[in-house]
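Enquirer: Given next are the chains, with one letter for each unit.
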Amino acid sequence: MELKNQVQSSTGVNVYAIERDLRHLWEQMAETSQAEGQEPVMRVCVLNLMVYTPGEHTAGEVSQVMAEVTTQHPSRIFIILPSKNDASAPALGAWVTALCHLSAGGHKQVCCEQIMITAEEDAIYRLPSLVRPLLVPDLPVVLWWRDVPSFESRLFGELVDISDRVIIDSAMLPNPEEGLAELAALINQRPQWTAFSDLSWSRLTPWRVSVAGFFDVPDWRARLGRLSRVEIECRHDQADRRSIPSEALLIACWLAGRLKWRPRSKPRWNGKHTYQLEFVSENLPITIQIKTTPSTDGSDNGLHALRLIAEGKPSAQFVISRSGDGVYLRTDVELAGTRLAGNVFPLDNRDEAQLISKELEILGRDALYEQALAFFSSILP
Amino acid sequence: MMDPGVFENPLREGLRLELAAEPCVAVIFGASGDLTKRKLVPALYSLAAQNLLAGGFSVVGTARTPMNDEAFRTAMRDAVHRYADAGPIEGAVWESFAAGLFYTPTDTKKPESYKKLAEVLAKIDRERGTAGNRLFYVSTPPSLYSDIIRLLGATGLNRAPNGGWTRIIIEKPFGEDLQSARVLNREVLQVFAEDQVYRIDHYLGKETVQNIMVLRFANGIFEPIWNRRYIDHVQITAAESLGVEDRGGYYEQAGAFRDMIENHLLQVLAHVAMEPVSVLDANAVRDEKTKLVRAIRPILPEEVSRYAVRGQYGEGLAGGEPVEGYRQEKNVSPESNTETYAAVKFIIDNWRWAEVPFYLRSGKRLPKRVTEVAIQFRRAPHLLFKHVASGHLEPNALILRIQPDEGISLNFSAKMPGQAINIRTVRMDFQYGTSFGKRSPEAYERLLLDAMRGDSTLFARGDMVEMAWELTMPILEAWQQPASHFPNYVAGSWGPKEADDFIERDGRRWRRP
Ligand SMILES: NC(=O)c1ccc[n+]([C@@H]2O[C@H](COP(=O)([O-])OP(=O)(O)OC[C@H]3O[C@@H](n4cnc5c(N)ncnc54)[C@H](OP(=O)(O)O)[C@@H]3O)[C@@H](O)[C@H]2O)c1
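As they're listed, the protein sequences go chains D and U. In terms of our numbering, the first sequence opens at residue 367 and continues consecutively. In terms of our numbering, the second sequence opens at residue -4 and continues consecutively.
Hints were generated in silico from the structure; no laboratory data involved. Incorrect hints may have been included.
Sample of chain D residues at the chain U side, in silico, Cβ under 7 Å [as the list claims (entries may be wrong)]:
#1 R624
#2 L706
#3 F711
DEER-style ranges, computed between Cβ atoms [said to hold, decoys possible]:
#4 U:Q475 x D:D585: 38 to 44 Å
#5 U:E389 x D:R556: 44 to 50 Å
#6 D:M408 x U:S236: 20 to 26 Å
#7 D:G690 x U:F407: 55 to 61 Å
#8 D:P499 x U:P271: 36 to 42 Å
Ideal Cβ placement from N, Cα and C applies to all residues, glycine included.
In isolation and in its complexed conformation, chain D is listed as follows (with noise of 0.2 Å):
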């Protein structure tokens, strides 16, 4: 079941009129449900989910992620989108929708609410004062940035604002270098209530679990000690610009950060497609190398590999691979040569609802991230 009703009139969209139509949809669907005889309606919110989207065209990719995310994080959804200055319509206009859905035991019909909010580019500055009297009090709220993450615009800086969580994704950075290093200053000003997450991270969880997955082993864990190598190998849109993937960035600094690694020398390019870090640990000198490969179609962009390699007798190799169809994750280790026994398991974060799902599931602040980030300004040339 999906209702829409519009909130639009001439001398603009207020709370009052949208709060209306909120309750006007809660009694048409008990009444639809009601006549047709089917189990009552049920209204569940656990969260406030802002989605900001550039324009109309990704409004409806939107609306389909949150379909599914709010299938396991039911929630008042507010998608805000800008809209082309038009002197004859209204500046700001409101759509709220329900979207429904079969409970998990099967019997129980819960809906949430969807409220669509558009402004001109003109009035965009309106937008954070008409949601805030709209959020469900109490819950915490969580704002995606669906967008190039812009750090200085005053929209971005007052809906952060409001929020408890910021999700945005640093793949969309153009100079992933600089925007990670802005983006670790940002952290260090915000409150400290303020958590930031960044889809690019979570699509490294599975890599870094199995990383870690690794050295669980007592035998291997000796070996932390004697890595000399890390490659890491991905696929990028903008191979030929001489610009880093920032996951590949990322893992490296949290691999590096983790095991305190100290900076040998500044990063830097090793040929067109290399970029290289040195650190030294105790006293053996490790090198990472990131190799990018330009991406068929940008859907096999990101980590495509990552092989840690260390000393001693047998040398011994960790490596982690993504398969052809980027289906699944493959664990393998090496030991003079011959493969150990490894794991096969399918990626559960490859598209926007499930990464986005499993973000919700966490509230608090991830310190792992933002170390990451900060190992990193800290090594920036």
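We have chain D already, so just place chain U with the ligand on it with the hints.
Expert: Same frame as chain D, but now just chain U with the ligand:
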């Protein structure tokens, strides 16, 4: 004990599981049986698909049925396909999981079997890097438990080679009475140390049972009223709509009390009534639960009829269909004395619960399948709305539903709109399924993973198991007496009239879940 070495992995910190499972071999005794197919292997596969098992994790199945590795893999693939609830099998994931599945036929009564098993395990250690870590899972008929444990000890399989760990999971039932549970405990502890032993009670693996502790101790509003001043009584119900199906042979020996109350419901009771722990550690939690069970007032043999009621279903209607009585079921004696319904009242002699009765009941062929805990609060002390017939004013109840539709609801009174004061009981409902669309893991997934990680919080400790038997023996002994009044309830009803009389004598009524 947890392996402190795992904490030293600097890359583990901050990840979803801070304590991971090390690679190990799970050895399943009874691998051709029903439980392996329906629960154990599907749970292990599901863990593998979530990347929760270490690389090299392996399973060695064993039973008398001759089979080779390939046949076992095929049988397990079918089983996972049929019973796993985490979605369809994924080819590549299955291949890597199945590469770690092995089968070796054994007769658990013969020592040679264990020598052969040891060789298989040593080979897997070499080839798959399982480092001598072993998790034995005893899922055979209970009559074989002693032999298996003794022979594991005699052949040295109770101690891991090369500094690995060895743990053993023992299926229920753990003994059939106090005497046999003590003997079994003694036999187990002659071979294994208590911290190697994981006595499974799959109820403890259920999310909602774990949630009882979260509800009580993570919310500030409940604990202050969680005592005799505010709570009138507690009802714990586990109702089944089915009969004994094809488990008649087992059930004849067990009965409702042994099958459900002595273990599962008593564990639930312990979660509801225990004192808070100061740290969330396996022994701290189990100490508190044991203390609670120790505080339950023993029922003297001559008082059994005051504290407990039994019943057996005769023919009737279940969901509109005519069904047989218990005595007509397959593998059941036509004169059977076995109870298919049991209810008991426990009093806990401590400061928090003095004089608050805990009513526990369980039965088969009741109107529906439901397990719940109902906390019934006292009435408001001063009845302000006297003109409202007080019969309509229900006291508040907090219901913790364990299955199906796990959730929590609170009943309270509210005024109906209108000029007059008409008060109605309304129900505020929270369902896990609707608020968190996420699948709750199967109890066996959680428990197997915990055992591999060395966390025994959700397993029953030896002292608690014996204490539970001690507490319930007088009832079981009294019920040895022939029950001339059986059958005494109609299939599809809420149990025998005696059970209603039993609770009504206290001025209370059973809830209709
Ligand atoms: N099924 C359930 O839902 C459930 C629930 C809770 C607890 N349990 C407990 O779990 C255990 C197993 O239950 P189940 O339903 O799987 O029983 P089952 O289907 O009867 O399986 C018993 C297994 O033991 C094996 N076995 C019997 N005698 C043996 C011997 N001498 N040597 C080696 N293996 C032998 C059988 O295989 P062969 O005939 O091939 O030897 C079979 O694999 C029981 O203790 C039961 O109480 C079961």
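Enquirer: Which earlier hints turn out false for this structure, listed by number in ascending order?
Expert: 4
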